[in-house]
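Engineer: Single-letter residue listing:
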Amino acid sequence: MNAMTSPDLSQATPHPAPFLRVEDLRVKFVSRDATVRAVNGISFNLERGKVLCVIGESGSGKSVMMRSLLRLHPKKRTVIEGTMMVGEHDIGAVSDRAMTQLRGSLISMVFQEPMTALDPLYTVGDQIAETVRRHEGLSKEAAWARALELLELVRVPSPERRLKAYPHELSGGLRQRAVIAMALSCRPSLLLADEPTTALDASVQIQILVLLRKIQQEMGMSMIFVTHDLGVAAQIADQVAVMYAGRIIEYGNARDVLLNPQHPYTKAMLAATAKDQDRNLPLEAIAGNPPDLRALPDGCSFAPRCKYAGPDCIVTMPPPVTDIRGHMARCFKVEAADGPLAFDERVAEPA
Amino acid sequence: MTDHMMTPRTAPVDPRDRGGPAQPMLIVDGMKKYFPIRAGVFNRKVAEVKAVDDVSFYVVKGETLGIVGESGCGKSTLARLLMHLIEKDAGELILDGDLVGGSTGVLLDGLRRALQMVFQDSSSSLNPRLPIEQSVAYGPKVQGASGKSAKAQARSLMEKVGLNPNLFGQRYPHELSGGQKQRVNIARALALAPRLLILDEAVSALDKSVEAQVLNLLGDIKKQLNLTYIFISHDLHVVRYISDRVMVMYLGQLVEIGPADQIYEAPKHPYTQALLACRLSMDPEARVDAAPLAGDPPSPVSPPSGCRFHTRCAFVEDVCKAKTPKLGDVLKLSADKHLAACHMVHPDSGHSRAPAHATAA
Ligand SMILES: Nc1ncnc2c1ncn2[C@@H]1O[C@H](COP(=O)(O)OP(=O)(O)OP(=O)(O)O)[C@@H](O)[C@H]1O
Ligand SMILES: Nc1ncnc2c1ncn2[C@@H]1O[C@H](COP(=O)(O)OP(=O)(O)OP(=O)(O)O)[C@@H](O)[C@H]1O
Ligand code: SF4
Ligand SMILES: [Mg+2]
Ligand SMILES: [Mg+2]
Chain A
145 MNAMTSPDLS QATPHPAPFL RVEDLRVKFV SRDATVRAVN GISFNLERGK VLCVIGESGS
205 GKSVMMRSLL RLHPKKRTVI EGTMMVGEHD IGAVSDRAMT QLRGSLISMV FQEPMTALDP
265 LYTVGDQIAE TVRRHEGLSK EAAWARALEL LELVRVPSPE RRLKAYPHEL SGGLRQRAVI
325 AMALSCRPSL LLADEPTTAL DASVQIQILV LLRKIQQEMG MSMIFVTHDL GVAAQIADQV
385 AVMYAGRIIE YGNARDVLLN PQHPYTKAML AATAKDQDRN LPLEAIAGNP PDLRALPDGC
445 SFAPRCKYAG PDCIVTMPPP VTDIRGHMAR CFKVEAADGP LAFDERVAEP A
Chain B
208 MTDHMMTPRT APVDPRDRGG PAQPMLIVDG MKKYFPIRAG VFNRKVAEVK AVDDVSFYVV
268 KGETLGIVGE SGCGKSTLAR LLMHLIEKDA GELILDGDLV GGSTGVLLDG LRRALQMVFQ
328 DSSSSLNPRL PIEQSVAYGP KVQGASGKSA KAQARSLMEK VGLNPNLFGQ RYPHELSGGQ
388 KQRVNIARAL ALAPRLLILD EAVSALDKSV EAQVLNLLGD IKKQLNLTYI FISHDLHVVR
448 YISDRVMVMY LGQLVEIGPA DQIYEAPKHP YTQALLACRL SMDPEARVDA APLAGDPPSP
508 VSPPSGCRFH TRCAFVEDVC KAKTPKLGDV LKLSADKHLA ACHMVHPDSG HSRAPAHATA
568 A
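Protein chains in written order, with this note's numbering: chain A, 145 to 495; chain B, 208 to 568.
If you are wondering where the hints come from, they were derived from the structure by calculation, not from laboratory data.
Partial pick of chain B residues on the chain A-facing surface, computed with a CB cut under 8 angstroms:
1) Gly276
2) Asn371
3) Ser384
4) Gln387
5) Leu413
6) Val417
7) Ile449
8) Ala481
9) Ser488
10) Arg494
11) Ala498
Every beta carbon over 12 angstroms from chain A, so not counted as near; a handful from chain B, in silico:
12) Gly269
13) Asp296
14) Gly308
15) Arg319
16) Gln350
17) Lys544
For each residue, glycine too, the CB sits at the ideal point set by N, CA and C.
Chain A extracted, bound-state conformation (with noise of 0.2 angstroms):
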């Protein structure tokens, strides 16, 4: 249950395995004059019909840390470590081959950048009903009929005129649309979205939330969900990873670290939206920038942004601290000695 526990629950717990089990996981990528180390030892457990929402800076690996879950990494450069358990399938072990037919049915993947995703050169229900076809063999008109259903499903307006355009004619909502149609064509049991409603405006992006929830509860299928929008987290997260240089620095049931939040790098990109703030102040950007990947430093790897950071955070890297809710922050000023997790909010004295 516990997502952060030691590794040794396989033996004794009480509760079915959790569909999704990531363990330890390391990425790197290798040139010939450095090692970028994009993600650095994550651990999480997400059940079947759950939603993992994972927020974080720019560059902290979320967008990586999907990758390497259907193994889209170029090879011959990537150093992928560590356990990836999805079902009963070892994603670090199958073989090519069975990895291609994974991709799409056992899990797929909307990507951040809804153009990539989609062949300028094919009209929306030929890209549609080529994905249906290579997987499921279907005949031309069955596939067709397919792909009709599948933008009925994530209720494209006009789908017979949609099913012959090309992704340029379509707006960013109704491409992202199709692309969402796309990734659940061969009902995949877990949907990794990658900022899926970026580019979209509120009212579709509600109506993208509202339907993708329901298609993720009626298909009891589980959903890592990458954003960066809060509001979004809130609105359909079960739980929340918040990420930072490549680890999961804060976790937790979604209403715990979205509005109780304790690791200062939380708090901080909280503080930092623009909700509601003066115009004629500026924002309250966090200071400094994010670490250089290719040399992190030993300690907490926000300390040299952190304004609550003392000596001991540069040494070490701060363990997780994990309270009975299953709130959990990776800070030397978080302690979970009665209860809740509860943060120390002094300012550490220069040593």
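Given the structure of chain A, go ahead and fit chain B with the ligands onto it with the hints provided.
Structural biologist: Positioned in the frame of chain A, the structure of chain B with the ligands alone reads:
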């Protein structure tokens, strides 16, 4: 126009001004773009997408005009029309007092230099084979800067947008995250020293803390470089924060325009009201199970008669289907003018909720 001239909040004299500080940076009058839909063996035009349908507004110097509206309502098409990236079907563009195009107007070259755009799709606008420092230096080089000075300029711009040139300068676009790429795009747009920057979903791919940095950055460089912004976004919080005035589009048309605080605190058009209701709560327990704006947006190929919003409006009456509501004199300059194209706000329109007699607009 002079007797209604507003006093601009900041009217710094810019040597590049041709029309004086009170002359709007841009006047857009009756802009139209209909995309043809072709079909059949002869590829004949069978219908038209009315993507932008008679849109007029102005942008004063030094202001930020926010544009919001449903996906597909024509915001990007409008932006591309202003940039002359696509042919307009009708309408006029007056840049700092000069008509763009035509026999007497300013040349497109001048327009292209004065107007720069940061696009919605961050990845496709960068050359995949160029390290990003060279991508940023490309603009200044084309404008005649020496290699060395273009490079120095590129590095200082990268610093300005929060990308350490030593870390990122030699990287290729595929080695950057979405947010990092978008900052490169902003740096590139700034490299050409524009007067007016059109930002089309420029911060929507960024996480909140970088978004805050970039919004602060946009505020700083706006003052430093004396810029004017058109800011297109679906993030209603960000638009409120950054904009002096906001215009709301629906199905190719302008339905409401006014000072940002008035639009957000006292929206007049039912579409604006519904759109604002779509702002998400931060509390997972305040989740909505139904979208505030129900129904599908009508097709821009054959938009509804009368008020285009009538098919989804809670206040629809017969007059709404029969008569197109007027917006009012949108090109008359006035800082606090708040206009809405809805029969409910216009006296004697025939709508039961309309005010009985004329009040000053
Ligand atoms: N193929 C690659 N080679 C080298 N570095 C890479 C590669 N792919 C990603 N990176 C780096 O890994 C880090 C994580 O990137 P990732 O795309 O996962 O970020 P992200 O959290 O999704 O950010 P965003 O919110 O901007 O999308 C970034 O610093 C990026 O530059
Ligand atoms: N090249 C084209 N050919 C045909 N129709 C087009 C073309 N470009 C845009 N359209 C149509 O014009 C309308 C306006 O599209 P536009 O991209 O301007 O919307 P938008 O307001 O920017 O939407 P979004 O918020 O999704 O970016 C849409 O109905 C779109 O399908
Ligand atoms: S461990 Fe230290 S530096 Fe890191 S977040 Fe906590 S207080 Fe800040
Ligand atoms: Mg990403
Ligand atoms: Mg657009």
